[in-house]
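Chain S is fixed; fit chain W onto it per the hints.
Protein sequence lines, in the order shown, are assigned to chains S and W. Read in this note's numbering, the first sequence has 53 at position 53, and its numbers run on one by one without any break. To convert, count from 1 in the second sequence and add 1000; that's this note's numbering.
Do not take every clue at face value.
[Said to hold, decoys possible] Label pairs and their computed distance ranges (CB to CB):
id	chain 1	residue 1	chain 2	residue 2	range
1	S	255	W	1089	24 to 30 Å
2	S	61	W	1182	17 to 23 Å
3	W	1018	S	261	28 to 34 Å
4	W	1151	S	112	49 to 55 Å
5	W	1112	S	104	46 to 52 Å
6	S	104	W	1223	43 to 49 Å
Keep in mind that the hints were calculated from the coordinates and are not lab data. Backbone N, C-alpha and C define an ideal beta-carbon position, used for all residues, glycine too.
2 protein chains.
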Amino acid sequence: MTSSPASKRQRTSSTTFPPPYELLYWPTIPGRGEHIRLCFEATGTPYTDTCNDDQKTGLNALRTLISPTNKGSPTNPPPLAPPILRHGSLLLSQTPNILLYLGPKLGLAGADDDPNAIYHINQLALTALDGLSNEAHDTHHPIAIGAYYEEQKEEAKRKAADYISKRLPKFFGYFNRVLQGEASKGGEWLYGGQLTYADLVLWQCVDGVNFAFPRAVGRMRERGEFGEVFGLYERVRARENVAAYLESGRRLGYGMGIYRHYPELDAEEAEAEA
Amino acid sequence: MTSSPASKRQRTSSTTFPPPYELLYWPTIPGRGEHIRLCFEATGTPYTDTCNDDQKTGLNALRTLISPTNKGSPTNPPPLAPPILRHGSLLLSQTPNILLYLGPKLGLAGADDDPNAIYHINQLALTALDGLSNEAHDTHHPIAIGAYYEEQKEEAKRKAADYISKRLPKFFGYFNRVLQGEASKGGEWLYGGQLTYADLVLWQCVDGVNFAFPRAVGRMRERGEFGEVFGLYERVRARENVAAYLESGRRLGYGMGIYRHYPELDAEEAEAEA
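Bound-form chain S, shown alone (with noise of 0.2 Å):
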């Protein structure tokens, strides 16, 4: 996969047009879309990035879908929230959600001859984004989602200090694990010997939680700890489809998403404030 000098948003060189995958998420930010896109990307899936293609028209199809009025289609109930796949005329939302959809499509769900290899990446996949991005979102915005990062600050040093000494072990600790044991055939990917989703979704989190916290992931590699986990993460990124991703204008700055950085919610800062 080559990207293109007339388009930094071009995305494969397959002549299909329109792709058949169209994502919808906020513009500009890698956030929870940038799962769905992780899969895409690593398999050289053709998708559409319609937010990102063109920001006015992709906005408004998106807050048409996440409008309080819409109350969805014959087939479709309504998006609560971004993430959006259409695929033809299926439209879904929810991350973990999509990935299920797409894993299987996109050969990103484990053995063909494994039918139960789904519910365990589902489940893996699941956990990543609970401890590792639901709960790296919430430091930030402990109390209140629709209000200001400066009206939660207080709270949110209190949050960060206990994530970066409890939450963040527990989760890497777990992944550690689950790379250690005889489900994953031999440790190099979460399940079943082979690149699945969860791999994906897991590379994204520890990306995105070494951004808003360097300080407190530097640590723990320089002390070795989760060497399995920071051994995922080397080899995803070293993939051909994921580093050409990563080196293109498609992969997107780490913004007011997600993974933000405040250096005072970042050890060892929050931990002497707390």
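For chain W alone, kept in the frame of chain S given last:
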């Protein structure tokens, strides 16, 4: 289904022993395990509730499974936390994941000729769990899950006020729209004109939120708000199997779990302080 006078925990008159499905969850509280229990109960499916049948043995089994030294088995990754479902040699965790697995087996995943039903139902269940279970829990533990409520009471008041005024109406409003939408096929159930596990999840969430915030929810009902949601709540409760379950000793009372009633967090007390 009748409750045996010999054992208040007798779940069914079936002669299958042991039942094929085993639930492992913290004893004495409904918690997240209740979503799994309701699927079994509403369909008259035999199951073992290990930790409530014998707390000592059950807790030992549960603690072994979630121990920080458990690396799982050759086919099952370790669970991070309960609820855990055992079905034959399969071991699954994560509430929405267990529901996803059980749904089709128990006839709670929509029409057989609707291949997308499971994704729509999963989306609805995930959304209810996000906004009406996880966020409701966080109102009394906004800062640190591992610390006491009393250590974060002031923050809890602020979070509860935001939850009651903004988040609860957002999620109730969403499900009201889902019930008004065409994909519900008549507005009796959330999706496809028949009872699915998404309805059972929403029922338990509404019941739990009503326990935690009786004044806030009572006010909504008095004002005639979210009529479709409360209508579904009553329809689920009136179903024969569900009604029998709720009157049995198997239905556990709320305690120090996800849903807690602290008067100071309910309307209008929390709102006045915020």
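Hint by hint, here is what the structure shows:
no.: 1; hint: 255/S <-> 1089/W: 24 to 30 Å; in the structure: violated (46 Å)
no.: 2; hint: 61/S <-> 1182/W: 17 to 23 Å; in the structure: holds (20 Å)
no.: 3; hint: 1018/W <-> 261/S: 28 to 34 Å; in the structure: violated (52 Å)
no.: 4; hint: 1151/W <-> 112/S: 49 to 55 Å; in the structure: holds (50 Å)
no.: 5; hint: 1112/W <-> 104/S: 46 to 52 Å; in the structure: violated (19 Å)
no.: 6; hint: 104/S <-> 1223/W: 43 to 49 Å; in the structure: holds (45 Å)
In terms of the numbered hints stated before, the structure departs from hints 1, 3, 5, listed from lowest to highest.
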